[in-house]
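Residue numbers (the working numbering), protein chains in the order written: chain A, 7 to 297; chain B, 7 to 297; chain C, 33 to 607; chain D, 33 to 607.
Worth double-checking, as some hints may not be accurate.
What the hints assert, rightly or not - Chain C stretches covered by chain D per the calculated footprint, using a threshold of three residues with CB under 8 Å from any CB of chain D:
#, region
1, 239-253
2, 298-311
3, 317-326
4, 390-404
5, 437-448
6, 590-601
Unchecked claim - To spell it out: a stretch of chain A is covered by chain B in this simulated footprint if at least three of its residues, at any positions, have a beta carbon under 8 Å from a beta carbon of chain B; those stretches are:
#, region
7, 115-125
8, 165-176
9, 237-245
Everything labelled a hint here was simulated from the structure, so no lab data went into it. Where a beta carbon is used, it is the ideal one built from N, C-alpha and C, also for glycine.
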Amino acid sequence: MTMTSAKVTIEDYAAASEIAWCPGCGDFGILRAVKKALVELQLEPHRVLMVSGIGQSGKLPHYTKSNMFNSLHGRALPPAIGAKLVNPELTVMVFSGDGDAYGEGGNHFINAMNRNIDMTYIVHNNQVYGLTKGQASPTSDLGFTTRLNPEGAWVPLRPLALAVACDCSFVARSFAGDLEHLSKMVQAGITHKGFALIEVLQPCPSWNRVNTFKWYSERVYKLDGDKSYNPADRTAAFNKALEWGERIPIGLIYKKDRPLFEEYTGAFGKEPLVKQKLDPMQFESLLDEFK
Amino acid sequence: MTMTSAKVTIEDYAAASEIAWCPGCGDFGILRAVKKALVELQLEPHRVLMVSGIGQSGKLPHYTKSNMFNSLHGRALPPAIGAKLVNPELTVMVFSGDGDAYGEGGNHFINAMNRNIDMTYIVHNNQVYGLTKGQASPTSDLGFTTRLNPEGAWVPLRPLALAVACDCSFVARSFAGDLEHLSKMVQAGITHKGFALIEVLQPCPSWNRVNTFKWYSERVYKLDGDKSYNPADRTAAFNKALEWGERIPIGLIYKKDRPLFEEYTGAFGKEPLVKQKLDPMQFESLLDEFK
Amino acid sequence: MALDFNFLVGGEAGQGVQSVSFVLSKIMMRGGYNVYSDQDFESRIRGGHSFSRVRVSNKPVAALSEKIDVLLALNEETIDLHRKEMKDGAVAIFDGESIKKDFGDGETFLNVPLVRLATEAAQNRLMSNTAAIGAAVGLVDFDFNLLAGMLREQFTRHGSEVAEGNVKAAQAGYDYARQHCPEKFTRRIKPIGNGDNRLLLTGHEAVALGAMAAGCKFVSGYPMTPTTSILEYIAGQSKSFNIPVIQAEDEISAMCMVVGAGYAGVRAMTATSGGGFCLMVEGLSLAGMTETPCVVVLGQRPGPAIGLPTRTEQGELWFALHAGHGEFPRAVLAPANVEDAFWKTVKAFNLAEKYQTPAIILTDHDLANSYLSVPRFDLAQVKIDRGQLLSDEEVSKLTEYKRHLFTDSGISPRALPLQGKVLVATDSDEHNEEGHIIEDAETRKRMMLKRMRKQEGMKSEIDKPIIHRKRGAKAVLVGWGSTYGAIKEAQELLGKEGVAVNVLHLNEIWPFPDKAVASMIEDSVKSVVIESNATGQLARLIRTETGIKATGTILKFDGRPFSAEYIIDELKDVL
Amino acid sequence: MALDFNFLVGGEAGQGVQSVSFVLSKIMMRGGYNVYSDQDFESRIRGGHSFSRVRVSNKPVAALSEKIDVLLALNEETIDLHRKEMKDGAVAIFDGESIKKDFGDGETFLNVPLVRLATEAAQNRLMSNTAAIGAAVGLVDFDFNLLAGMLREQFTRHGSEVAEGNVKAAQAGYDYARQHCPEKFTRRIKPIGNGDNRLLLTGHEAVALGAMAAGCKFVSGYPMTPTTSILEYIAGQSKSFNIPVIQAEDEISAMCMVVGAGYAGVRAMTATSGGGFCLMVEGLSLAGMTETPCVVVLGQRPGPAIGLPTRTEQGELWFALHAGHGEFPRAVLAPANVEDAFWKTVKAFNLAEKYQTPAIILTDHDLANSYLSVPRFDLAQVKIDRGQLLSDEEVSKLTEYKRHLFTDSGISPRALPLQGKVLVATDSDEHNEEGHIIEDAETRKRMMLKRMRKQEGMKSEIDKPIIHRKRGAKAVLVGWGSTYGAIKEAQELLGKEGVAVNVLHLNEIWPFPDKAVASMIEDSVKSVVIESNATGQLARLIRTETGIKATGTILKFDGRPFSAEYIIDELKDVL
Ligand SMILES: Cc1ncc(C[n+]2csc(CCOP(=O)(O)OP(=O)(O)O)c2C)c(N)n1
Ligand SMILES: Cc1ncc(C[n+]2csc(CCOP(=O)(O)OP(=O)(O)O)c2C)c(N)n1
Ligand code: SF4
Ligand code: SF4
Ligand SMILES: [Mg+2]
Ligand SMILES: [Mg+2]
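Extracted from the complex, chain A is given alone in its bound form:
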């Protein structure tokens, strides 16, 4: 992440496309918080790469300005990793829905957390498949009914507990209805050196009539002020990550200093791979090995 002297304003992050979200969607809050964080960090759009999956969440990069790669459903992380590894100078932010991240993308989710490459992963968790018109997601509450799940959804996954199990170096939760908190979390995620997971509770007024803005508002409580909570304590973090119901914690749940994958081997060289010169002749010595 590189800072610049030019003053970055919210206009620099104006929408590149007409916004197609429903009125009242929690995604607006996330978009606002992301822009605010980027402006506060004074990051210019061209230094940022936003990668997203498919879902309502996946449209976010279209609604601001940056380099962007809108990938397949469930496949936001792999291209982000490819891009980051070859050009570490990019500030990489990745956007997924709960289905995108924890359903279709489950395997990448676990492995990306374990790999600890420097990027920020924002998961819009509306506990439902929004874009496809309301099916249960991996985080839908037990019994949540939809047309596809008329007997009600099965027991949800606890992604933040998975994150702690994967030793994810930054695990946080925030709420789309709390601009200040969320944008602070996003800033912290971006400045964190390593893989930062930020799950955002995001009301979907169109398809989730259970976990509404009000429902979340009544339940969320902040860890951030709480001196008795230590996000460096993995056991405590595991228990905190499992907390869900009458009270839902938001804030930094787990943080761990861990080496970065990209610094582990010498394979990347000093300069970003994108800037390295291509020279066929350098391989002459390799040919000798086949003599």
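With chain A's structure known, arrange chains B, C and D with the ligands on it following the hints.
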């Protein structure tokens, strides 16, 4: 699982194919323990369905007798689930390698544990890709070098911690070198009502020269006798599941009574689906809805 | 006298376009008419523009028509976008109290104060859509009782007050439109019968019903437009008929669960679109190798990648034919319309089980979502043929069992796990007759030949393509799948203009009915292949299988369905 | 005088067959000979049977030969399985002290006490394989110094004691064989030059080198036979040349990482086999839609499903051509041999980047693993053509940038993120020139046409197929990919028998060189397509693209590679 009066002997579980494992492979111990468990449970081969992925581990069902479905790499669980749901009278055992289960099959692994369908999942963990000639697996220790990983493997996943995070209803570890312990675990897994994960430490003398028979033998210790350890305590289980290094726990790590997925909805009916009559005429009333 | 009438209902996503269109369609069918109604919507939940056309005729219809008789505008944009499609003398209904704009002259506009009428009649401004339906129905002087009955059916579950409120709102709209009907507008739709022996449904509802009737007992899938509707329909019936619908973590899992269920002995199915199908193709190959019956619905939409998720295309014919690694037999059926979708689905299950291999049903977004009125399916005609599935008695007599027994037909008699005491073993590795892994060249060769022989058997069960001949035809219009209605209608319209063309339409594509196709094309001087893709996939397939190169193609790949008018227009350049 | 000599080394997996064969191959090349060495092994790590043939000739060789001159049996089974392949007068070397069996008469057996010789000479029974090489080399009276040099090279890293021990063991075997050489056995291989300007390598080593030379800077993959070797080779050089090889959690991830790396601006590649490729096809379509260059190596092996994992086949041509949902341009190259594998890989990177779309390199298990001696690659001839990649300077001058600008060629000039200040946006949804999501028909149509135009440009860069004409030829043998060597040799052998045939071989398959193929086939009365699959995939493709139906096919799908002998045998039925 149904018991029978006919006496089942080890001969009933004789090999159906010539065994192609390397001499000294830990897989032999697993095979022996599985047969022993089945004989002790007096389960006849035709009541058992063995499903496996691809890897050395995936060959196990060929080396005994039962109904068997040898699936794709990483895809042992989904066909097992399909089969079990349509015929719950089958005792379903699933066999994977560490690559199969935790690498290629990672998404199914998490979800199967969360779903809690009644079956036993045996993961042959040799910390290496055996059949493909020795590449790092998701459980290879940090720094483990292979031709594909000359700078050494990255930080391993901790699958048992993932299991606890997924509230897997039975999480155990055993060692291929301890026939008694392993076969007892397998029996416990089969009789457990729900999804039972049994990870087996399995030396691969051909490709893993680090985590050898001796290496494991020197490190494993049994939880089973330990009164101070309570496998019902999820927090304790999480910590235990993370333990790896000088001491490696084997035995029952986590156990939880949880409802079965297949009993959650009324969609399955009373009789196994395979036995239900097919009658097009029963849908006449549905047509009326389109009038 | 021929009646061919076209309503267009338009508005934002979330405004209720689809339910207005559905009510209109249903009552028109109940008035004895044939109805075809297509759905045009964006990939968003609120806002944007969506519309639906309801085509009503006393002759068979099976495609959209572009020219409109009545435009029912739920917002201003609808008028801007669609007024150019209005026929001479057509009327646009709008609520001038919410849409405050002067549309000038040219077309006829009927300002109906929908919100006010609903508020006055039923004290509920949200019932303005019902008033709109009333107005449309009143304008054409249709039987109000059919509408009232329909509304009561729909709303009674919300209480009789809601139901009667809707009836009142509808009545208000109806009366208003009759009283203010523009003089120039003289078109009327009088009931000409009842719809008793007819059903109104979409292609994917027909697939769902077909699957259920065919005895499907297990469904697993992952939501994806346009096939979620299949999963959802069956899920709604899960409990009543014991057909679990498992929402899997991804399509890989869904496909492999289906293969497992098929192995264990039930008829099983999954449904997806191109992107999800990509993830299923390894499992498809697994089914081919293990000789496990399974049915996969591939509902096409425009690609590559995410493409246009709520639009239509026929861009995955070749992908369906060759998806999966290695070579194995498969059936590929492409229903020509809603009715056909039911029967082809039944057939897919039979082929899959008789030949113990995957059957793919190729549909598309247009077929998936368009409503058609069809004769009631005669369930007594549904034949479930499980092929060489052994009976419990037969199995009980076996002492040993070879799942992959070599036979002349290539089909090995099939026993199920726990059906008796025999063991049922199969493997994704190449295997011997017992289902166990092998490496030798000879067994490999025999197993490949055995499996591929099934393709021959299957070929003998493929129906001839749909053929319509016209005397003196010089050209043949060739199509496949959901475009049948539009192509057939084009033939008829051309016939009226004195241009005779034949129609050759494929709804069972693989194994390919080469002889029938070749002889029909060779009969004609010209052949024009009409399809919704950019590379002419059927045209290529015809060349591959028969050596014949079509003389022309009409390719459309903008995500919108064909109409007869469009085809006729394009034919001018090609014929 | 023509020399065409064939060693066969056989034993259990784990016994060292491959290293014995490698040493033999290498020293023969260093003695000035052309060498081709194939590898036959089972999908297991220990036990079973594996073998390797080392064919040595003073004329070009590029395929295996079935008849053996020297059989080097590391176990008993090798003799049982291969004695029937011995030529008249051939010799089988075995260690009678460990293989205690009377093989009777018929062939000539040379009992060499390998273990004893190794133990005596070097106090290490494990060096018996080295003694075996020595014996084989001694039997043909080859230059011992070449062997000694090779052994020192190989073993010095284990200490000079080990190296010298091996030399001694080899010497013991060498001397023993010379002394006990059966009188009837008179064949000798004398060095005829040196291999200085030649390399001995496998097809997949050539692919790996080609990728590196072409400037590949990022590799991600998941192990799968037969392409793991590509990943492993590059991984071994990762640190020296800064080319990370990421072992992904699965092939989906590997493919999508490559697309991300390509988007960010490096040349990137993945390599897999059919099963893994299944999981990549959605990502392939993503690359097509986002116009991201990427290279995918698809190393074929017999399917369906897991099939025969360590055998060969050409069963995925059609799958490669149509894999992925929707329609998008792609290149499919199928190297004809080891040398070609290098150059085709270079070309794949250039095509991918110039046309901003995926390029697939179709290889197979046989090409992957067979060693061939080839002229040293001239790296100065490697041209890296990055197409319309803008320079930093060009980018710095831009004020706005449209990643998917409409152009006549369909190619949009490419800027990279952070190359300057412009923003680089792309989308798997259909998009406008700026890369942002759209829904309208017009933009969709234009974007599809733009992308498909690139296919036309690419077609102009496709080389003519390889053609070898013989005067008076009535038939043409047609093949693709790795079978080139065997087909070419068949042509020559037939020529010697007085049967003239032409050869038409495709190594650049898509876009299809239709004109060249058509004219060559039309020139011949008969055409026989020779391929390693069951359905005649190239034959079908030729028909699709040219309308021409080949008069015959020779199809082999038992997992074993073609030889010239086999082709000639089969031709008798077809010609
Ligand atoms: C392979 C694949 N499967 C399914 C889909 C269909 N699909 C698009 S978005 C989506 C789920 C959206 O849910 P979520 O990720 O929670 O995002 P949201 O819309 O709720 O923000 C699905 C299933 C797809 N595009 N690709
Ligand atoms: C889709 C796919 N990718 C890769 C492979 C190749 N493959 C076969 S087995 C295997 C890994 C084996 O490792 P593991 O699962 O740990 O089993 P082990 O052999 O060690 O028992 C791999 C990568 C495959 N068959 N299919
Ligand atoms: S459907 Fe839900 S998540 Fe999607 S835009 Fe609408 S409110 Fe937001
Ligand atoms: S390679 Fe390893 S895991 Fe495989 S059979 Fe040999 S010892 Fe066992
Ligand atoms: Mg969601
Ligand atoms: Mg393993």
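According to a criterion of three or more residues whose C-beta lies within less than 8 Å of a C-beta of chain D, is the region 437-448 of chain C covered?
violated (count 0)
At least three residues with a C-beta closer than 8 Å to a C-beta of chain D: is that true for the region 590-601 of chain C?
holds (count 3)
Examine the region 390-404 of chain C for residues whose CB is less than 8 Å from any CB of chain D, and state whether their number is three or more.
violated (count 0)
Report holds or violated for chain B covering the region 115-125 of chain A, Cβ cut-off 8 Å, minimum 3 residues.
holds (count 5)
Counting residues of the region 298-311 of chain C that have a beta-carbon nearer than 8 Å to any beta-carbon of chain D, does the count reach 3?
With 6 residues in contact (Cβ-Cβ under 8 Å with chain D), the coverage given for the region 298-311 of chain C holds.
Between the region 317-326 of chain C and chain D, are there enough contacts, at least three residues with CB-CB distance under 8 Å, for the coverage claim to hold?
The restraint on the region 317-326 of chain C holds, since 5 of its residues have a Cβ under 8 Å from chain D and three suffice.
Is the coverage entry for the region 237-245 of chain A by chain B consistent with the three-residue Cβ rule at 8 Å?
Contact hint for the region 237-245 of chain A vs chain B: holds, 4 residues under 8 Å.
Given as covered by chain B, does the region 165-176 of chain A meet the bar of three residues or more with CB within less than 8 Å?
holds (count 6)
Do at least three Cβ atoms from the region 239-253 of chain C come closer than 8 Å to Cβ atoms of chain D?
violated (count 0)
Comparing the model with each numbered hint stated earlier shows that hints 1, 4 and 5 do not hold.
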